[in-house]
Amino acid sequence: MVRDSRRRVRRSAPPVMALAGLLALAACGSSSSGGATAGGASAGAPAQPKITLSFLSYNYGTPDLGGKGTQALIDGFEKANPNITIKPEGVATADALTRAQTETAAGSPPDVAQIGWSKVAAAYQALPVVPVQSIPPAAEWSADTAGFSQNLLNAVKSGGQVKAMPYTISIPEIFYNADLFTKAGLDPAKPPTTIAEVKTDALAIKSKAKAQGVYFGVVDPGKSDFLTQSLIASNGGHEIGTDGQPQFDQPAAVAALAAMQDLTRSGAQPAVPTTSALSAFAAGKLGMLVESTAVAGSLQKAATGKFDLRSTGFPSFGSQPAAPTFSGAGLVVLAKDKAHQQAAWQFIKYLTSPAGMTIITSQIGYLPLRPSLATDPKYLAPFFATNKLLSPALAQLDQVTPYQFFPGKGASQAVVALQDNAVAPIVLQGADPAKALTAAATKVRGILNQK
Amino acid sequence: MTADTEVASRAAGRRAGGRGTAPHRPGGPAPRARSWLYLGPATISLAVWVYGPLVFTGVLSFLHWNLVSDHPSWAGLGNYARLVDQPEFPHAAWHTLLYAVGILPFATVVPMALAIMLWKKPGAVSTGYRALLFLPVVLAPVANAIAWQFILDPLQGAANGLLQDAGFGPRNWLGDPATALPVIVLITAAKVVGLNLLLFGAALASLDRRTLEAARLEGATEWETTRFVVVPQLRRTAVLLGLLSLVVVWPWIFTNVAVLTQGGPNGATDNVYYRLYTYAFTFFDAGTASAAAIVISLAFAVLLGAYAVLGRRRADPGPGSGPAGSGPGPAGARPERGRSHASV
Amino acid sequence: MPAFDRWPRLIGRHAVLLLTAAVMLLPLVWALGSSFKPSTTIFDMSPVPLPASLENYRTVFSAFPLWRMLLNTFVTAAGVTALQVLVAVPAAYALTQLTFRGQRFALGLVAVALLVPVQSLIIPAFLMISHLGWRDTYPGLIVPQLSGCALAVVLLRNHLRALPPNLFHAAALDGATAGETLRFVVLPLLRPALSAVVLLVFINTWNEYLWPTLAAPSPKHTTIQAGLALFLNQEGPEYGPLLAASILATVPVVAVYLVASRRIADAFLHAGPG
Numbered sequence: 001m002v003r004d005s006r007r008r009v010r011r012s013a014p015p016v017m018a019l020a021g022l023l024a025l026a027a028c029g030s031s032s033s034g035g036a037t038a039g040g041a042s043a044g045a046p047a048q049p050k051i052t053l054s055f056l057s058y059n060y061g062t063p064d065l066g067g068k069g070t071q072a073l074i075d076g077f078e079k080a081n082p083n084i085t086i087k088p089e090g091v092a093t094a095d096a097l098t099r100a101q102t103e104t105a106a107g108s109p110p111d112v113a114q115i116g117w118s119k120v121a122a123a124y125q126a127l128p129v130v131p132v133q134s135i136p137p138a139a140e141w142s143a144d145t146a147g148f149s150q151n152l153l154n155a156v157k158s159g160g161q162v163k164a165m166p167y168t169i170s171i172p173e174i175f176y177n178a179d180l181f182t183k184a185g186l187d188p189a190k191p192p193t194t195i196a197e198v199k200t201d202a203l204a205i206k207s208k209a210k211a212q213g214v215y216f217g218v219v220d221p222g223k224s225d226f227l228t229q230s231l232i233a234s235n236g237g238h239e240i241g242t243d244g245q246p247q248f249d250q251p252a253a254v255a256a257l258a259a260m261q262d263l264t265r266s267g268a269q270p271a272v273p274t275t276s277a278l279s280a281f282a283a284g285k286l287g288m289l290v291e292s293t294a295v296a297g298s299l300q301k302a303a304t305g306k307f308d309l310r311s312t313g314f315p316s317f318g319s320q321p322a323a324p325t326f327s328g329a330g331l332v333v334l335a336k337d338k339a340h341q342q343a344a345w346q347f348i349k350y351l352t353s354p355a356g357m358t359i360i361t362s363q364i365g366y367l368p369l370r371p372s373l374a375t376d377p378k379y380l381a382p383f384f385a386t387n388k389l390l391s392p393a394l395a396q397l398d399q400v401t402p403y404q405f406f407p408g409k410g411a412s413q414a415v416v417a418l419q420d421n422a423v424a425p426i427v428l429q430g431a432d433p434a435k436a437l438t439a440a441a442t443k444v445r446g447i448l449n450q451k
Numbered sequence: 001m002t003a004d005t006e007v008a009s010r011a012a013g014r015r016a017g018g019r020g021t022a023p024h025r026p027g028g029p030a031p032r033a034r035s036w037l038y039l040g041p042a043t044i045s046l047a048v049w050v051y052g053p054l055v056f057t058g059v060l061s062f063l064h065w066n067l068v069s070d071h072p073s074w075a076g077l078g079n080y081a082r083l084v085d086q087p088e089f090p091h092a093a094w095h096t097l098l099y100a101v102g103i104l105p106f107a108t109v110v111p112m113a114l115a116i117m118l119w120k121k122p123g124a125v126s127t128g129y130r131a132l133l134f135l136p137v138v139l140a141p142v143a144n145a146i147a148w149q150f151i152l153d154p155l156q157g158a159a160n161g162l163l164q165d166a167g168f169g170p171r172n173w174l175g176d177p178a179t180a181l182p183v184i185v186l187i188t189a190a191k192v193v194g195l196n197l198l199l200f201g202a203a204l205a206s207l208d209r210r211t212l213e214a215a216r217l218e219g220a221t222e223w224e225t226t227r228f229v230v231v232p233q234l235r236r237t238a239v240l241l242g243l244l245s246l247v248v249v250w251p252w253i254f255t256n257v258a259v260l261t262q263g264g265p266n267g268a269t270d271n272v273y274y275r276l277y278t279y280a281f282t283f284f285d286a287g288t289a290s291a292a293a294i295v296i297s298l299a300f301a302v303l304l305g306a307y308a309v310l311g312r313r314r315a316d317p318g319p320g321s322g323p324a325g326s327g328p329g330p331a332g333a334r335p336e337r338g339r340s341h342a343s344v
Numbered sequence: 001m002p003a004f005d006r007w008p009r010l011i012g013r014h015a016v017l018l019l020t021a022a023v024m025l026l027p028l029v030w031a032l033g034s035s036f037k038p039s040t041t042i043f044d045m046s047p048v049p050l051p052a053s054l055e056n057y058r059t060v061f062s063a064f065p066l067w068r069m070l071l072n073t074f075v076t077a078a079g080v081t082a083l084q085v086l087v088a089v090p091a092a093y094a095l096t097q098l099t100f101r102g103q104r105f106a107l108g109l110v111a112v113a114l115l116v117p118v119q120s121l122i123i124p125a126f127l128m129i130s131h132l133g134w135r136d137t138y139p140g141l142i143v144p145q146l147s148g149c150a151l152a153v154v155l156l157r158n159h160l161r162a163l164p165p166n167l168f169h170a171a172a173l174d175g176a177t178a179g180e181t182l183r184f185v186v187l188p189l190l191r192p193a194l195s196a197v198v199l200l201v202f203i204n205t206w207n208e209y210l211w212p213t214l215a216a217p218s219p220k221h222t223t224i225q226a227g228l229a230l231f232l233n234q235e236g237p238e239y240g241p242l243l244a245a246s247i248l249a250t251v252p253v254v255a256v257y258l259v260a261s262r263r264i265a266d267a268f269l270h271a272g273p274g
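Taken in sequence, the protein lines are chains Z, P and S. Taking this note's numbering, the leading residue of the first sequence gets 1, the next gets one more, and so forth. Taking this note's numbering, the leading residue of the second sequence gets 1, the next gets one more, and so forth. Taking this note's numbering, the leading residue of the third sequence gets 1, the next gets one more, and so forth.
Please keep in mind that the hints were generated in silico from the structure rather than gathered at the bench. Treat the hints with care, as some may be off.
DEER-style ranges, computed between Cβ atoms [as the list claims (entries may be wrong)]:
no.: 1; chain 1: S; residue 1: HIS14; chain 2: P; residue 2: ALA47; range: 49 to 57 Å
no.: 2; chain 1: Z; residue 1: SER372; chain 2: S; residue 2: VAL23; range: 52 to 60 Å
no.: 3; chain 1: S; residue 1: LYS220; chain 2: P; residue 2: VAL309; range: 23 to 31 Å
no.: 4; chain 1: Z; residue 1: LYS210; chain 2: P; residue 2: PRO87; range: 53 to 61 Å
no.: 5; chain 1: P; residue 1: VAL302; chain 2: S; residue 2: VAL254; range: 37 to 45 Å
no.: 6; chain 1: P; residue 1: PRO87; chain 2: Z; residue 2: GLN161; range: 35 to 43 Å
no.: 7; chain 1: S; residue 1: ALA15; chain 2: Z; residue 2: ASP75; range: 55 to 63 Å
no.: 8; chain 1: P; residue 1: THR211; chain 2: S; residue 2: VAL254; range: 32 to 40 Å
no.: 9; chain 1: P; residue 1: ALA299; chain 2: Z; residue 2: GLY222; range: 27 to 35 Å
Cβ coordinates follow ideal geometry from the N, Cα and C atoms, glycine included.
Input sequences plus hints: build the corresponding full structure.
Shown next as structure tokens:
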């Protein structure tokens with residue numbers, strides 16, 4: 001017995017080892033079986049020409065409203081277009097562009113991808129983006145986008161045309177805790193409209209309501225600069241000049257960030273990361289939070305039954321009109337062939353149609369880019385009757401300024417350099433605004449001039 | 001030594017059941033072909049999934065190419081030059097060293113002390129402690145980082161409350177360039193300690209408890225027993241785990257940095273791995289990222305080579321890291337743990 | 001030694017262990033407590049979930065393919081562990097117990113493989129699995145993670161080197177071939193180390209984020225770590241459901257720990273007196 005089994009072992013041990021090694025390579029065999037099961041799902045295609053459209057979205061698959069809303073959009077589209085099947089892929093926000101890029105490098109890009117605006121320029125650089133405006137005939141395009149906020153549509157243009165379709169768009173506004181206003185002896189019906197008023201109110205909240213005053217989410221954890229741009233533009237400056245070179249070292253920009261530093265210095269604003277401020281606000285321990293409207297839904301959920309959450313428009317510098325820019329995401333088309341590009345357009349057309357926009361606003365929490373829907377009883381009038389948080393931002397949609405990109409492949413690096421080397425040190429650590437911005441501008445010029 | 005012989009004969013007896021009649025065949029040295037058969041699977045795996053990609057990365061590091069466009073252009077050493085032109089990468093390299101120095105005691109001394117403490121008193125209580133101390137390892141990295149974010153929160157966190165009572169004023173522990181890196185080291189250390197405690201435990205499991213009793217019978221104090229009987233037998237494991245921890249710890253540090261500080265404030269928590277990720281996945285600069293990867297790999301390879309050479313010089317003359325069981329010497333003639341230089 | 005002398009030492013020992021455990025367990029306690037907090041109190045950052053709520057767990061079960069993700073992660077982690085051990089045991093054995101030309105070279109090959117940053121491997125690996133048609137398949141998730149087998153090889157080699165050489169002499173004198181020695185002498189003695197390595201590889205794979213994010217994008221194959229990242233979204237972090245899902249995700253890992261640690265402890269008793 002013993003001998004038998006040992007002889008068998010002697011003979012079979014090396015082959016077993018070899019087999020194990022070959023598994024690394026020869027798993028091609030199992031690939032074919034994997035392929036077969038994957039193919040099985042789509043094998044039952046009927047004779048009618050069906051198209052499958054892959055859709056990369058960072059809202060898809062999330063366990064919150066965004067996930068449900070995206071599913072509702074897909075379902076609605078598939079019902080209206082039975083010959084097109086959407087194959088959605090979820091991804092974490094931070095990894096959306098990475099995934100689009102690696103899949104493109106591997107030869108099979110997603111047909112439609114949702115890309116955050118701060119990374120759209122990088123997408124134009126790195127990916128074979130088919131400008132969405134170029135897909136349909138000009139007349140169809142005009143007809144379908146007629147109801148859009150024309151100011152926004154112009155603001156998202158790149159090189160004279162809309163390359164990425166504005167999809168889930170938000171703009172920054174002031175969220176405030178009306179209970180803390182009352183406690184501090186302020187009138188919650190009259191929220192601040194200028195940065196100076198914000199400071200005064202914040203200091204009142206700090207001293208009388210025993211809470212933190214205000215927090216501008218300029219030091220974005222995702223290192224986006226949409227609030228930096230909003231502040232600079234509201235003070236009459238530009239982050240980037242028409243030549244593509246930094247202008248954030250000019251007086252208007254320096255003054256805008258110096259105002260943020262002043263908030264911190266005076267104690268009106270805590271020197272903490274944005275995540276901490278967001279939590280404090282949601283816990284009812286911060287008077288005002290200046291953030292993108294994207295967070296409105298989750299703030300509402302946290303505030304319900306706890307404190308009176310309200311919102312007002314992005315504050316201005318003195319008498320200059322506020323000029324916030326937008327954040328959120330656009331849809332880029334990466335489909336390779338005409339048929340898929342056409343299907344992608346159909347899909348995008350549905351997503352941004354009145355029906356689609358109604359879902360985007362009421363379920364995912366982004367702004368209706370067709371402002372008339374807000375008062376249309378067929379669409380969003382019922383929603384806006386009970387949800388006031390988005391209204392101030394919607395009213396500012398016509399003041400929105402374009403989100404600016406640095407040119408070339410150093411675009412993302414330039415933004416990070418600005419945020420890390422200037423904005424964060426100025427706002428949180430008391431660095432000298434002019435010096436820090438000048439140094440950052442030098443650095444950014446170096447980055448942009450790299451090959 | 002007698003214990004070893006006993007174990008050996010027990011093991012041999014257990015497996016063969018008295019197989020004295022078999023023809024005598026020396027066990028080694030095995031034919032080269034067979035050795036490579038054993039090594040083959042691992043070699044092929046590494047060739048395909050490490051060295052192949054590494055070569056690809058090496059090529060990328062000399063190109064300006066984003067993997068997508070049809071026109072890669074030759075960059076020469078441009079990508080490497082970019083690494084040293086800007087202060088970020090050298091700064092990150094320096095901070096990587098600080099991380100390594102900070103983590104090292106938590107990879108070696110601390111878990112070794114805990115493991116010995118638990119090993120000396122086997123039983124349900126020790127098993128319980130071992131499980132408790134291992135628990136931090138099982139929590140998903142991102143949840144672990146978020147829990148720390150809650151604890152260390154500068155406005156509402158519990159850490160400030162507790163530390164304030166102990167006389168350390170309220171601080172933004174992760175927002176202050178002076179404390180951010182030490183804090184990341186400490187919170188990562190919890191996982192390192194938990195894991196290495198287990199691995200030291202596994203090393204102790206193959207150690208003979210009777211040596212301990214012999215020392216005790218001879219009147220050695222508990223400390224002397226630990227210091228002169230147990231610790232020397234764990235030295236090689238400690239060196240190995242120290243080195244390995246410096247390899248496996250980066251993903252944990254990475255998640256903590258990504259969730260808690262994003263490399264800030266002022267680059268205080270940056271390190272070469274986070275930098276590499278930033279180049280590759282935030283800046284989409286495949287060339288610079290590849291150059292960074294090559295530099296990191298080369299730097300480690302050089303350190304490793306230097307370490308191996310030094311280790312060999314210190315070691316006994318003899319077959320070095322050669323085979324233990326194939327030498328023809330009489331049983332028990334070689335010092336059983338004489339090869340004191342660390343492997344790898 | 002007089003009995004009263006032992007008390008201070010006993011107390012000291014437990015104090016050290018308990019304090020260490022308390023600090024190390026802080027995040028787990030926080031995560032566990034916070035996972036029971038409703039969305040109205042989750043942001044206040046205290047771990048005390050009063051009033052407690054199952055809201056987060058309900059969200060996780062209803063709106064999140066948790067079971068599917070856990071299954072995918074388990075299949076992946078178990079597959080990677082099995083493959084790595086299968087590949088690493090013979091390699092560690094060959095590197096310790098056999099002599100052959102090129103051994104140092106092979107050892108160097110393994111050692112350097114440990115040091116290559118993972119981040120630089122995933123894009124080429126992704127391109128490879130794409131060409132193999134393995135995207136969004138289990139082989140695509142599992143096989144490329146053989147890149148981590150160097151760690152298992154090095155750890156197992158360390159334990160093999162610590163075994164008394166006499167064992168192998170005895171086996172050799174007995175006329176055992178290398179394969180027999182591996183199977184009948186080495187493997188039984190390697191069991192505690194093997195269990196530790198299994199646990200280590202399993203947990204490392206379980207916690208892997210970057211590779212599954214790229215390799216298996218669809219809900220059908222995505223793993224729990226990639227899933228957890230979806231909670232940290234643009235519309236405000238969903239800390240409660242994230243922590244609830246994370247707590248549930250520790251259960252399989254704890255189970256594997258309990259099995260593996262018993263094997264470690266078993267061996268530990270065998271090696272003891274008696």
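We went through each hint and held it up to the structure:
1. S:HIS14 / P:ALA47: 49 to 57 Å: holds, 50 Å
2. Z:SER372 / S:VAL23: 52 to 60 Å: holds, 58 Å
3. S:LYS220 / P:VAL309: 23 to 31 Å: violated, 50 Å
4. Z:LYS210 / P:PRO87: 53 to 61 Å: Given about 43 Å between the Cβ atoms, the range is violated.
5. P:VAL302 / S:VAL254: 37 to 45 Å: holds, 40 Å
6. P:PRO87 / Z:GLN161: 35 to 43 Å: holds, 39 Å
7. S:ALA15 / Z:ASP75: 55 to 63 Å: Holds, at about 60 Å.
8. P:THR211 / S:VAL254: 32 to 40 Å: holds, 34 Å
9. P:ALA299 / Z:GLY222: 27 to 35 Å: holds, 30 Å
Going down the numbered hints, you'll see the structure goes against 3 and 4, while the others check out.
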